[in-house]
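Student: Take the sequences, apply the hints, and build the full model.
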Amino acid sequence: MLNRIFGLETEYGLLVNQEQPDHTPTWFAHKIRDHLFHVQRRGVLDLHHRGHDEPPGNGGFLTNAGRMYLDMGHLEWASPECESLSDVVAADRAGDQLLQDAVEDLGLADQVSLIKNNVDHETDATFGSHENYLVSRRFPFTRRGLGPLVTFLVTRQIFTGAGRVGTAGPQDAWVQMDRLIVPRGANQRHGQHPAMPFQISQRADYIVNDFFEWVQQNRAIVNTRDEPLADPNQYRRIHLLLGDSNMAEVATTLKLGTTGLVLQLIEEGHAPIDLELHEPVETMQELSQDQDRQWIVQLQSGKSISAIDIQEAFLAAAQAHYGGQDAETDWVLDQWEAVLQDLRGDYTKLVGRVDWASKLWLLETFREAEQMTWADPALKSLDLEYHNLHQGKGLYFGLMEEGRVPRLTTDKAIALAMDHPPRNTRAFGRGELVRHLLASGQPDEPADSRPEERFSPSYVINWSIFQLRGQAPFPMPDPFKTYVQEVRTHLQSV
Amino acid sequence: MNYSSMPERREGPGSPMPKAPSPSEEGGGPKRPETGSPDKDNLLKRMRKVDPKQAERYRQRTGQ
Chain P
825 MLNRIFGLET EYGLLVNQEQ PDHTPTWFAH KIRDHLFHVQ RRGVLDLHHR
875 GHDEPPGNGG FLTNAGRMYL DMGHLEWASP ECESLSDVVA ADRAGDQLLQ
925 DAVEDLGLAD QVSLIKNNVD HETDATFGSH ENYLVSRRFP FTRRGLGPLV
975 TFLVTRQIFT GAGRVGTAGP QDAWVQMDRL IVPRGANQRH GQHPAMPFQI
1025 SQRADYIVND FFEWVQQNRA IVNTRDEPLA DPNQYRRIHL LLGDSNMAEV
1075 ATTLKLGTTG LVLQLIEEGH APIDLELHEP VETMQELSQD QDRQWIVQLQ
1125 SGKSISAIDI QEAFLAAAQA HYGGQDAETD WVLDQWEAVL QDLRGDYTKL
1175 VGRVDWASKL WLLETFREAE QMTWADPALK SLDLEYHNLH QGKGLYFGLM
1225 EEGRVPRLTT DKAIALAMDH PPRNTRAFGR GELVRHLLAS GQPDEPADSR
1275 PEERFSPSYV INWSIFQLRG QAPFPMPDPF KTYVQEVRTH LQSV
Chain C
586 MNYSSMPERR EGPGSPMPKA PSPSEEGGGP KRPETGSPDK DNLLKRMRKV
636 DPKQAERYRQ RTGQ
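Note that the protein sequences, when read in sequence, are chains P and C. Position in the first sequence counted from 1, then plus 824, gives you the numbering used here. Position in the second sequence counted from 1, then plus 585, gives you the numbering used here.
Fair warning: there could be bad hints in the mix.
Okay, the calculated beta carbon distance ranges per label pair [to be verified]: (1) P:Phe1279 / C:Asp636: 46 to 52 Å; (2) C:Glu641 / P:Thr850: 49 to 55 Å; (3) P:Val1318 / C:Lys634: 40 to 46 Å; (4) C:Lys634 / P:Arg961: 50 to 56 Å; (5) P:Ser1128 / C:Glu641: 39 to 45 Å; (6) P:Gln1316 / C:Glu641: 52 to 58 Å.
Calculated pairs, DSS-like style, for lysine-lysine (alpha carbon to alpha carbon, straight line, at most 27 Å) [as the list claims (entries may be wrong)]: (7) C:Lys630 / P:Lys1305; (8) P:Lys1217 / P:Lys1236; (9) C:Lys638 / P:Lys855; (10) C:Lys634 / P:Lys1217; (11) P:Lys1305 / P:Lys1236; (12) C:Lys630 / P:Lys1217; (13) C:Lys625 / C:Lys638; (14) C:Lys625 / P:Lys1217; (15) P:Lys1217 / P:Lys855.
None of these hints come from the bench; they were simulated from the model. Virtual Cβ for every residue (Gly too), placed ideally from N, Cα, C.
Tutor: Printed below as a string of structure tokens:
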């Protein structure tokens, strides 16, 4: 798409299939990471401290220029910078496949399952799927300027949500109501704990602010941390953590594509006006939990309108201004329109394209066959299994096996993205560096006791800069530039 | 609706990444989705194999 760099960060859950007290999910996460780097040699581990929670050896960049690491005990995959939607969907699936291949290579496929979801039904733990969009520094990053984005994000869950059984308990957090920050328990609607068979979003229950910079507590609709990972004079990175991890390739692509177009509408002053939501945080949860799927919301103007109508207003603006912009934009506009149209009818039309619809259909089918009520805890287990990355077990892959899931990438493209970066972004240059380091036999054990390794590691790689010991730092501030020739020249001179 | 009509990646300024094949080149490739409910028998078999208590074992830490 036009002038956009996309990226996805996914935290995975690990389901231990046998009771093994010494083998926690974190134990398996370490084992899988070590296999990727030390045995499969997919990339190079960090030799330096990236932060207080990322010591040397916690993770590293791969030959495809993406990053695999541990975060809060979860395996996390950050895709390389992608300039097209087809690249980012392949990179997303490549992260899944890299981990699943490692599990199978280790002979652990019967012991542990990789679950690409965002909630633990029993403990209410949540973990993220983060989206990154590069925008111009001139983007109106103010409460007023971001108003249309908030409206869009809150309502897009009707086609981006992954769905879940039940609801999370009240979060130990503060929520914003009427411009006041109050304990979540003070909100009577949430204090009642209504029975909730199924809702369309996994993350809606955990979003408690409209704007905030933290990522673990007080998660917000728009994360405000200013960390562009690029030239800060030219770029800003819009970092979103309200979305669900998607299994369906159509959902992943629409999530990124529609959001990219709405950012363009805002950048260029074409976003629909007068659609600001009254209480967007509450609206996000109410939409997700609406059992009738009418999805009526209240605007600041006092008017009531459906989330589908709001999405159609954004769609109409994008069609008017960006129709014909490029082939991917046209694909997004066509699919966005089709999905919104189908959302007005029988939800089963969306099976295979929209994750919550696929999951709901599977659960309803099972409930009917087994004469089971929504209160049966087995449904939570089926909910998890939808996200299992084992192709012979996962329910999403069961739908795919039946030929009911439209593909937007191919197994060959995914295999390619597991090893290679996109060749039209900064990722290309970084991938060259990682290959060079692997070929030159750089140490893959960061716990080197030599003082020069501790205080002057032989390499330091970050998203926008790298440095080899004894050499000048090599900045890569422009994500649209490949730097590949410059990196090759730099490496030859070492 | 032709879901496989998603355009292939655009080539950038570097030397081109090996081209991803279009779905139709893979033989069996993606099938056109049907608008009705999918066939249920195989899916029910798959669902019946799931340990109904596995959600109790999940035990994840909160992340970001």
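Student: To test your reading of the hints: which numbers does this structure violate?
Tutor: Hint check: 2, 3, 7 fail, others pass.
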